[in-house]
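K.L.:
One letter stands for each residue in the lines below.
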Amino acid sequence: MAAVTPRFGRALLRLFAVQGSYNYERMLGLGVGVAEEPLLRGLPAEGSASPYRAAVARGAHFFNAHPYLAGLAVGAAARAEHDGAPAELVERLRAALCGPLGSIGDRLVWAGWLPLLSGLALAAISLGAGWTAAVAFLVVYNIGHVALRAWALREGWKHGVRVASALNNPILQRGAVLAGPAMACAVGVALPLTAQFLASSFGGWGRAVIAAAAGAGFLGLYLLPGRLTGLRLGLGFAALALVAGWIWQ
Amino acid sequence: MSLEVLIALLGWGTLVGVDLVSLPQMMIARPLVAGTVAGAILGDLDAGLKLGVIFELLQYDILPVGAVRYPEYGPATVAAVATAHGAAGALGLGLGAVVGLVTGLLGGITMHLMRRINSRIVGAATAALESGDPRVLVRLHVGGLLRDFLRAAVVTALGLAVAWFVPPHVTGVLTPRGATVMAGAAVAAALAAGAAGTLRLVGRGPNLAWFAAGLGGGVVVAIWLR
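Sequence lines, in order, name chains D and L. Be aware that the first sequence starts at 1053, since it is given in our numbering, and climbs by one per residue. Be aware that the second sequence starts at 367, since it is given in our numbering, and climbs by one per residue.
Be a bit skeptical, because a hint or two may be false.
[Stated by the list, open to error] Covered by chain D, according to a simulated footprint, are these stretches of chain L (three or more residues, beta-carbon under 8 Å): (1) 417-428; (2) 495-501; (3) 527-536; (4) 549-556.
[To be verified] Derived CB-CB ranges, DEER-like: (5) D:1225 x L:504: 33 to 41 Å; (6) D:1181 x L:589: 31 to 39 Å; (7) L:499 x D:1198: 48 to 56 Å.
The set of hints was computed from the structure by calculation and includes no laboratory data. Because the structure is a prediction, the values reported are computed rather than measured. From the three backbone atoms N, C-alpha and C, an ideal C-beta is built for every residue, glycine too.
Based on the sequences and whatever the hints tell you, model everything.
P.N.:
Below is the structure:
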């Protein structure tokens, strides 16, 4: 492991840009290949059909998962290549990891850690914390973010083809279970506080109209998912407001 | 708005745009952060925080899973704050939100176009990639990063151009009442999107009770602080 450390650091740094060439053909594939490449450098590299070149080509094949957990596949695939695993096994390993890494990452980060901290920051700003809430959000979020990326790469490299055991890590499992309720509670607290914060400059009637419009918009968004989005609602409300403002001179 | 401030906003908006997907996803792209820093650059923290909160709520409507298409609210928030700074008061909030929404829509379209361009380039380079030459792989990847950098800069520049052009032309046209209605519309849309997006995340399982408990606690605190 000691000889691998500088390459490990390089792979970790490259993982921060894993979605840099995101495309509909290979999704994260190229980014995963670029991140994996430093870890493959110990493989025999002589000739155009060398194990190193074959592994680099495999590393850039289609891959899709949560970007923060992609390191698990990067480390595991690189370790499997070093252990001399057959090409088909490495391909199967990568394909098998897409679903679980996407699902756990989405639950843990996109639907847990991120909205949890965002909700707390919204509540703090509404209570007068100002810019310090945004800074605190950024710092705390990235402690978890960087730790997760580093853990994923390390565990992948440690376990190789047996990487599935890393997904049973109690912290990961417990985190995914706790993130949901914590997020729900934090954003629940934040919503009334932000409503008060944003509506504070309006009069009584104005607040009542905002509440009615927000209620109608909420129903529309909740009942017509996919057809009505926040963006469409916002632009629609703005158009209505322009007409109302023009009539109500 | 001085040239130095404009350049700083363009630089910040570009970094924010690249952060969303490409590098390093540290969430400076979140409207809360993007708006606060844009407000600090303009010396108008109040506008930065308010529009940051509005677009953060709109962001709850988006769950960036798989290859789903969504608006890009980071550079949009920067443009929104710049607009609000140029048109003070209620007009600033409403007009800023509208400019931000249009910029967000534009950002989303450019992201989709860029991914299609990336797909074509990667498809054309399949043989070279299959040769396992790491230089080809890195070149293609860095090319994608640079394209996203350019895309984010163009989106931010267009948003800032609108922010610079629109307020002086609208200030005389929209009455104070009209401006207030527009600001109210932006706040209502943001609250609706925030609530609906959160409820979709929460689902109908046990988390719903936690959401209800949080909502109740938030209402109590809001009433207590009035």
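K.L.:
Would you mind marking each hint as holding or not holding in the structure?
P.N.:
Checked hints:
Only residues whose beta carbon comes within less than 8 Å of a beta carbon in chain D count, and the region 417-428 of chain L has 10; three or more means the coverage holds. Counting residues of the region 495-501 of chain L whose CB lies closer than 8 Å to any CB of chain D gives 6, so the stated coverage by that chain holds, three being the minimum. With 0 residues having a beta carbon nearer than 8 Å to a beta carbon of chain D, the region 527-536 of chain L misses the requirement of three or more and the stated coverage is violated. With 8 residues bearing a CB less than 8 Å from a CB of chain D, the region 549-556 of chain L meets the requirement of three and the coverage assertion stands.
One distance hint, 33 to 41 Å for the beta-carbon pair residue 1225 of chain D and residue 504 of chain L, holds here, with the actual separation near 36 Å. Under the hint 31 to 39 Å, the C-beta atoms of residue 1181 of chain D and residue 589 of chain L, about 20 Å apart, miss the expected range. Distance hint for residue 499 of chain L and residue 1198 of chain D: a CB-CB separation of about 31 Å, inconsistent with the stated range 48 to 56 Å.
Hint compliance for this structure: hints 3, 6, 7 are not met, and every other hint is.
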